[in-house]
Amino acid sequence: MREPEDNDRHGDRRRVLVVDDAATVRAYSRKVLEADGFAVDEAVNGIDGLEHALANPPDLLIVDINMQKMDGYAMLRRLRQEPALRDVPAVMISTESKDSDRENALLAGANWYFVKPVRPDDLTAAARLLTGRGAGQAGGQRS
Amino acid sequence: MALVKPRKPVEPIPTEDGGDPLLRLEDADPARRRAAAHALGGRADAVDALAKRLPREQDASVREALLTALVLTGTADAARSILPLLASEDVGLRNGVIESLQQMPAAVVMPEVAPLLRSDDPDLRIFAAQLIGRLAHPDRLPSLIGVLERDPEVNVCLAAVEALMEIGRPDALPALERLATRFPDDPFVAFSVDAARRLFSGP
Numbered sequence: 516m517r518e519p520e521d522n523d524r525h526g527d528r529r530r531v532l533v534v535d536d537a538a539t540v541r542a543y544s545r546k547v548l549e550a551d552g553f554a555v556d557e558a559v560n561g562i563d564g565l566e567h568a569l570a571n572p573p574d575l576l577i578v579d580i581n582m583q584k585m586d587g588y589a590m591l592r593r594l595r596q597e598p599a600l601r602d603v604p605a606v607m608i609s610t611e612s613k614d615s616d617r618e619n620a621l622l623a624g625a626n627w628y629f630v631k632p633v634r635p636d637d638l639t640a641a642a643r644l645l646t647g648r649g650a651g652q653a654g655g656q657r658s
Numbered sequence: 397m398a399l400v401k402p403r404k405p406v407e408p409i410p411t412e413d414g415g416d417p418l419l420r421l422e423d424a425d426p427a428r429r430r431a432a433a434h435a436l437g438g439r440a441d442a443v444d445a446l447a448k449r450l451p452r453e454q455d456a457s458v459r460e461a462l463l464t465a466l467v468l469t470g471t472a473d474a475a476r477s478i479l480p481l482l483a484s485e486d487v488g489l490r491n492g493v494i495e496s497l498q499q500m501p502a503a504v505v506m507p508e509v510a511p512l513l514r515s516d517d518p519d520l521r522i523f524a525a526q527l528i529g530r531l532a533h534p535d536r537l538p539s540l541i542g543v544l545e546r547d548p549e550v551n552v553c554l555a556a557v558e559a560l561m562e563i564g565r566p567d568a569l570p571a572l573e574r575l576a577t578r579f580p581d582d583p584f585v586a587f588s589v590d591a592a593r594r595l596f597s598g599p
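So the protein sequences, as listed, match chains A and B.
When the letters of the first sequence are read in order and numbered with my numbering, they come out as residues 516 to 658.
When the letters of the second sequence are read in order and numbered with my numbering, they come out as residues 397 to 599.
These are calculated hints, taken from the structure and not from any lab test.
A few of these clues could be false.
Claimed, not checked - Simulated crosslink set (EDC-like; lysine to aspartate or glutamate; CA at most 20 Å straight-line): (1) A:K584 / B:D455; (2) A:K613 / B:D455; (3) A:K546 / A:E557; (4) B:K448 / B:E485.
The shape of chain A in the complex, shown without the other chains (with noise of 0.2 Å):
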């Protein structure tokens, strides 16, 4: 099981994954997230994803589902065979508002699901909540 410090270059910050191939998207949740005190690493498509977290995992993903060269879904479901990497909780966004995708998002290993754009008070709670982080806990400190 991996330490708390282990890997960690943010100190004790939580830390979260953004994988999207927008670079205007990663930018805004960089923004929002770090603003209420996570670190935030950012992957280009599944494959770069894929590499960064098993590098070092996060303590949260969030995931584009239409990612050229691999995919969202393609993405959680590969990332859910790794032992390190199987219960690392995950959100999903997507400009996609069918219930199937929302269903597909959760059957590929997601545990939230949100259609873009995505508020910042919105994203920041489910970060928050899927991390184990307290409302009240400023700076996303480790419980």
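Position chain B relative to chain A; hints supplied.
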């Protein structure tokens, strides 16, 4: 946006028995279907058969070969034949189609894709905006600006913003500024327009 590596031209591989590769597309053996797809690359008369096989094909390597064959054909018919698959619920297939359309001649693809910007389905309009942003075609800037000016769905507009930022054309800035006034309460729109403003205004 990640650049897509061009598909390597594939040398046609004759089917083992020298038979009609069109028939072999339905063979039970994936290796034979793959060989048939390779053999049909560039054949205009095979477009329908290749496109019809695609949504039923479960083998990833055969699917890749089918798309490569259509890219090698590169005609308006080939582009038109796979456009309906953008509405597929299979995200891998959709991405394969987008990637393939990017590799066909822009002059061929643009007239086929541009009408999708008027589709009733916002998801299709998003895919169209993303794809148009990747086509080296003189109409892509006015097409994307038209999205910013008129599309009622914020996610379609944001796909166009992302595409315009990647194209890096400062003459899109006035339309981006107007977009911010169309969606004044959306924080992501404000963030995106601000990012574009900084990008286009320089240091």
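Hints, one by one, checked against the model:
Proposed proximity of K584 (chain A) and D455 (chain B) is supported: the alpha carbons are some 17 Å apart, at most 20 Å. The straight-line distance between the Cα atoms of K613 (chain A) and D455 (chain B) is roughly 26 Å, outside the 20 Å bound, and the hint therefore fails. Using a Cα cut-off of 20 Å, the hinted pair K546 (chain A) and E557 (chain A) holds, with the two alpha carbons roughly 12 Å apart. This hinted pair checks out: K448 (chain B) and E485 (chain B) have alpha carbons roughly 16 Å apart, not beyond 20 Å.
Hint compliance for this structure: hint 2 alone is broken.
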